[in-house]
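**Student:** Protein sequences, first through last, are from chains A and B.
Residue numbers 1 to 196, in my numbering, belong to the letters of the first sequence in order.
Residue numbers 1 to 488, in my numbering, belong to the letters of the second sequence in order.
Hints in this document: simulated from the structure, not taken from any laboratory.
Ideal Cβ positions, reconstructed from N, Cα and C, are used throughout, including at glycine.
Careful: at least some of the hints might be erroneous.
[What the hints assert, rightly or not] So these bits of chain A aren't anywhere near chain B, every CB distance computed over 10 Å:
id, residue
1, Arg31
2, Ser48
3, Asp71
4, Thr119
5, Asp180
[Unchecked claim] Examples of chain B residues lying across from chain A (beta carbon under 7 Å, computed):
id, residue
6, Ser18
7, Tyr125
8, Lys194
9, Met198
10, Leu265
11, Tyr304
12, Met333
13, Arg335
14, Ser339
15, Gln451
16, Asp477
[What the hints assert, rightly or not] Covered by chain A, per the in silico footprint, the following chain B stretches (three or more residues, Cβ under 8 Å):
id, segment
17, 99-112
18, 148-157
19, 365-378
What follows is the residue order along each chain.
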Amino acid sequence: MFTTTKLFLQVTACGALFALNTYAVGADPVRYGFGEPASAHDLQDFVSSLPDGRDLPAGSGTISRGKQVYDEKCASCHGQKMEGGVGDRLLGGRGTLVNNDPKKAPVKTVESYWPYATTLFDYIKRAMPFYTPGSLTNDEVYSVTGYILSEANILKGDEPITAESLAKVAMPNRDGFIPDHRPDHFKPADKHPRLR
Amino acid sequence: MSILDPNSDAKNKLKIASLVEAEEAFLAKARTNANSVYFSQHHIEPAKPVKGDSSKGVDPLQRPQNRRHFLASVAVLASSSVAGRAIAQTTTPPEGKAPPGAVWRSVPEDATKIPGTAIGEDGGYGTRSQFETEVRWRFGTKTPLSSWSMTPLEHGVGIITPSGLHFERDHGGIATIDPATHKVFVHGMVKQPKKFSMLDVKRFPSISRILFIECSGNGLTEWSKPTLKTVQGTHGLVSTSEWTGVPLSTILNEVGVKSGAKWLLVEGGDAAVMTRSIPIDKAMKDCFLAYGQNGEAIRPEQGYPLRLIAPGYEGNTHIKWVRRIELSDKPFMTREETSKYTDLLPSGKAVQFSLIMDAKSVITRPSGEMTLSGPGFYEITGLAWSGRGRIKRVDVSTDGGRTWKPAGLQGPILPICQTRFRFPWVWDGKEAILQSRCVDETGYVQPTLGQLIEVRGLNGPIGSIYHLNAIQSWKVDTEGRVSNVHYY
Chain A
1 MFTTTKLFLQ VTACGALFAL NTYAVGADPV RYGFGEPASA HDLQDFVSSL
51 PDGRDLPAGS GTISRGKQVY DEKCASCHGQ KMEGGVGDRL LGGRGTLVNN
101 DPKKAPVKTV ESYWPYATTL FDYIKRAMPF YTPGSLTNDE VYSVTGYILS
151 EANILKGDEP ITAESLAKVA MPNRDGFIPD HRPDHFKPAD KHPRLR
Chain B
1 MSILDPNSDA KNKLKIASLV EAEEAFLAKA RTNANSVYFS QHHIEPAKPV
51 KGDSSKGVDP LQRPQNRRHF LASVAVLASS SVAGRAIAQT TTPPEGKAPP
101 GAVWRSVPED ATKIPGTAIG EDGGYGTRSQ FETEVRWRFG TKTPLSSWSM
151 TPLEHGVGII TPSGLHFERD HGGIATIDPA THKVFVHGMV KQPKKFSMLD
201 VKRFPSISRI LFIECSGNGL TEWSKPTLKT VQGTHGLVST SEWTGVPLST
251 ILNEVGVKSG AKWLLVEGGD AAVMTRSIPI DKAMKDCFLA YGQNGEAIRP
301 EQGYPLRLIA PGYEGNTHIK WVRRIELSDK PFMTREETSK YTDLLPSGKA
351 VQFSLIMDAK SVITRPSGEM TLSGPGFYEI TGLAWSGRGR IKRVDVSTDG
401 GRTWKPAGLQ GPILPICQTR FRFPWVWDGK EAILQSRCVD ETGYVQPTLG
451 QLIEVRGLNG PIGSIYHLNA IQSWKVDTEG RVSNVHYY
């Protein structure tokens, strides 16, 4: 089998050694020719959550349709009022993120914590409903996404919910994230520890 | 629109309570099992000092002989070894019932007087001894389809985690995937989108690396107070395997990365269709798609047939059941990397893409819920690891961090891999606080919990949830009982 392989060594054997550790766009060290080209048809059902909405599928939904979908498919786990149950709580929690009290937990929900509306579409589309994931149509997912955002007082009005509209939604915690600043630098601790 | 009390903490409380419950259920069973390190010895006479004065210690070369009591000291063996053996016999697993991963075989009085089991009777795939009972135990979520199970570190020897004891975190159950039909699609900002069968994947040149994987939620119950009792509960979301697969750089060269591509999405083929964004520099540097684990095919619960290994990154990025890779100029901002694996600080800001696991160590024996049965020699042992490279040193303290002495490190000391450390100790029978502190090759010093809270704050009972890598303290009381405490 191996002898029939189209093995192109585009650079020297030395280049192959470096292939494990380096890369340079346009200067691929080794190409083996394994695998098949993936067609647009192969890729058509995949969805991704880029915040500009470019990988979300065609379709549109309405908030009223979303309520029907939610009541039928989501409420049993997330609660009639999206208060949570087996599934995560979806609403509330604004104003609880700033907190230095170890006895009081912040309330992290779609409303209070999620920075992008596109993520909500993406997650529902790929992983919900929990026991029948991937069973909702794109229009149903747009609808239920819109309904949750509407109940969270983030979306208002009757505009159709689409990839374009979700990309424009200003989530309350959009600017709540900062990059990783670690590693922190710790020195060996003081010599007088105690039981706490 | 009124919902719930915004201060409601019911779900977190429920989570922690169910973990405590799961651990307690496990412990109740283990305490009655003579093979367990948690075997209850309360009915054994208190240990007597060895040859008069225990403070002078015992010969450190004299080791406990009875395998059923790892922590049985020489003192107990000297004074009550007969009693110890009798108890062990009465708690042998019931006839006919083998623990998970084992097959029950009748136990002869004397194995030298009767032939053993026929070769091949196991069908050609071996099982562990029927006397070995350690298991992962699961966080008691309402659905066992989204949950995690923890590695019993206290039983571990060496650095490799047996594949069947490697910790798990699954979000939609364990997918069953036929490798004959499985495909991996690679597309997005590439010159030629491609799909690869498992046969294709396995034709590429392969690499093997022994690496730890740690869930960044490891220890989340321990931020504000000591909560779980055993090291399996406090640290069991870390494991080490040898992983074998094909470098992501090889696959990406195959499709041709377009200029401007900076991130890639890796997607699992399970019911959660788990996704995470990985920086392309990391992908090209050392990520690989693994189909092998500890010399055989990767286990189903670890992502069979194909799992992303992102060395040193938090466990959630090691996407299991990989079916798709998409390249982009920006991170995808998936649910897991926005609403879940982000570290909320008291300021209300959350640290995002905190991907690397900082250096951490823990003493695995003696550890919580074990009992030292008397003064004498004990080997303190544990594991240290860092997502930034090799472990350079581990120090051990038996006085709560006032004084430290270097532990011996067992080679090989590999980058981004657990390193076994050992420290000989003669317990004088007085209260002791056992701690380990590691330093990695970048010079990073493992912090105390106090130091960590100083920089991270405590935003709620479970703080920033993720990335708790503080020094662990185990208290040994005068009865020899070991418990989880906060001491810093």
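**Student:** Would you mind marking each hint as holding or not holding in the structure?
**Tutor:** Hints versus structure:
| no. | hint | result |
| --- | --- | --- |
| 1 | Arg31 | 6 Å, violated |
| 2 | Ser48 | 5 Å, violated |
| 3 | Asp71 | 16 Å, holds |
| 4 | Thr119 | 5 Å, violated |
| 5 | Asp180 | 4 Å, violated |
| 6 | Ser18 | 13 Å, violated |
| 7 | Tyr125 | 28 Å, violated |
| 8 | Lys194 | 4 Å, holds |
| 9 | Met198 | 11 Å, violated |
| 10 | Leu265 | 6 Å, holds |
| 11 | Tyr304 | 19 Å, violated |
| 12 | Met333 | 5 Å, holds |
| 13 | Arg335 | 4 Å, holds |
| 14 | Ser339 | 5 Å, holds |
| 15 | Gln451 | 5 Å, holds |
| 16 | Asp477 | 12 Å, violated |
| 17 | 99-112 | violated (count 0) |
| 18 | 148-157 | violated (count 0) |
| 19 | 365-378 | violated (count 0) |
Hints 1, 2, 4, 5, 6, 7, 9, 11, 16, 17, 18 and 19, counting from the list given before, are not met by this structure.
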